[in-house]
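Keeping the supplied structure of chain A fixed, place chain B upon it in accordance with the hints.
Protein chains: 2
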Amino acid sequence: MTRDLLDHVVIHPAKRLTAKLIGTLSTLRTDDFETEPVEQLNLALEGISGDRHAGFTREAGAREPWYRRGAKMRSGRQISIVSPEELWEIGYALGLPPLEAGWIGANLVVEGVARLSFLPAGTRMFFPSGASVVVEGQNAPCRHAGRAVARHTERPSDEISFPKAAKRLRGLVASVEHAGPVLPGDAVTIHLPEQWIY
Amino acid sequence: MTRDLLDHVVIHPAKRLTAKLIGTLSTLRTDDFETEPVEQLNLALEGISGDRHAGFTREAGAREPWYRRGAKMRSGRQISIVSPEELWEIGYALGLPPLEAGWIGANLVVEGVARLSFLPAGTRMFFPSGASVVVEGQNAPCRHAGRAVARHTERPSDEISFPKAAKRLRGLVASVEHAGPVLPGDAVTIHLPEQWIY
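Heads up: the sequence lines are chains A and B, in that order. The opening residue of the first sequence carries number 20 in the numbering used here; numbering runs sequentially from there. The opening residue of the second sequence carries number 20 in the numbering used here; numbering runs sequentially from there.
Next comes chain A alone, as it looks inside the complex:
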């Protein structure tokens, strides 16, 4: 019976963390990959208006080999979230200063969470305006980001070395759950869901 199996599941309770939003960035045109700092971001349920990744849906790409390239699919990656701690680490691994959040297309820079990239799917981040986002998962390697890093460092090899150095340090993708503006200096209240291993 299932009930017997359940006895062996260790459920780690939901918990809360606090952090600080120290940067907000957006693409200036929807065909840009890199993002630029902006004074505030208006998070809508569709994502960040005018940003490359806005929309409830998007086209499938290399990350989804199980769908036809270009097929319409649920987005799941409206928002990219990184931490200065992890940007520092990626830079350190590459022999560089801390990586710039904009080079890799980040939208939110959240400081004060150890290994931000490991916040589990279903984690919610709440902002003072009432805006919130829900974490969909770790951000996967991306050649756009490697190329952008290599262009800025003027080291062509970084196109390949960046994805390796950034593995599990490249932050999170998230969807907007409740709309509102967010801006640098905002306190971030983070709700982790219950966790277990299936």
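Just so you know, the hints here were simulated from the structure itself, not pulled from any lab data. A couple of the hints might just be wrong.
Because identical chains share one entry, a pair is satisfied inside a single copy or across any pair of copies.
Unchecked claim - Cross-link-like lysine-lysine pairs, in silico, DSSO-like; alpha carbons within 27 Å at most:
1) Lys91 to Lys34
2) Lys186 to Lys39
3) Lys34 to Lys186
4) Lys34 to Lys183
5) Lys91 to Lys39
Then chain B, alone, in the frame of chain A:
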């Protein structure tokens, strides 16, 4: 440094399971809570067309006390998935035959997964047509379901005893990731993501 912390994270690799879709149900009117068996379901990116829970967005309710009741929010619960194994268990706990999937508003009945309700957020289910759904989390207790069960069993106390008996057995909520039809008899390929405890 974050890197040191990462050394202590046990990452359970992604894995696959197979299962079988044995039932497809939908609400007949959007003001219905209970679902009725249908020959097939057309999963669209917005959810199940005509179903009570269709839409990229919905109104916040009692499950989201952190939002104003009725505020527009990301849905995250287009699709309700249950298993016959867990419906049997809930019925057993209540001294009843297996619970009917439609009484509690389920859309998909998936057989062959031990403790289905514990499939982690980010799990994907793929169907032969190309349709897929992504698990958002466990379905939380709901008074609608308790009332519906009590109406069918003609035992008023089931309105209260159902949510207790169904805790962690009530299945999953999911969003459509790729559109397509699904019908009873479909094989279901289930991709679990990497897992860890934060």
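Results for each hint:
For the identical chains of this complex, Lys91 and Lys34 are inter-copy neighbours only, at 25 Å across copies versus 35 Å inside a copy, given an alpha-carbon limit of 27 Å. In the homo-oligomer, the alpha carbons of Lys186 and Lys39 lie at most 27 Å apart inside one protomer (23 Å), although the nearest pairing across protomers, at 35 Å, exceeds that limit. For the homomeric pair Lys34 and Lys186, the shortest alpha-carbon distances inside one copy (26 Å) and between copies (20 Å) are both at most 27 Å. In the homo-oligomer, the alpha carbons of Lys34 and Lys183 lie at most 27 Å apart only across protomers (23 Å), although the nearest pairing inside one protomer, at 31 Å, exceeds that limit.
With identical chains, the CA atoms of Lys91 and Lys39 are at most 27 Å apart between copies only, with a shortest distance of 25 Å across copies and 35 Å within one.
Consistency note: the structure conflicts with none of the earlier hints.
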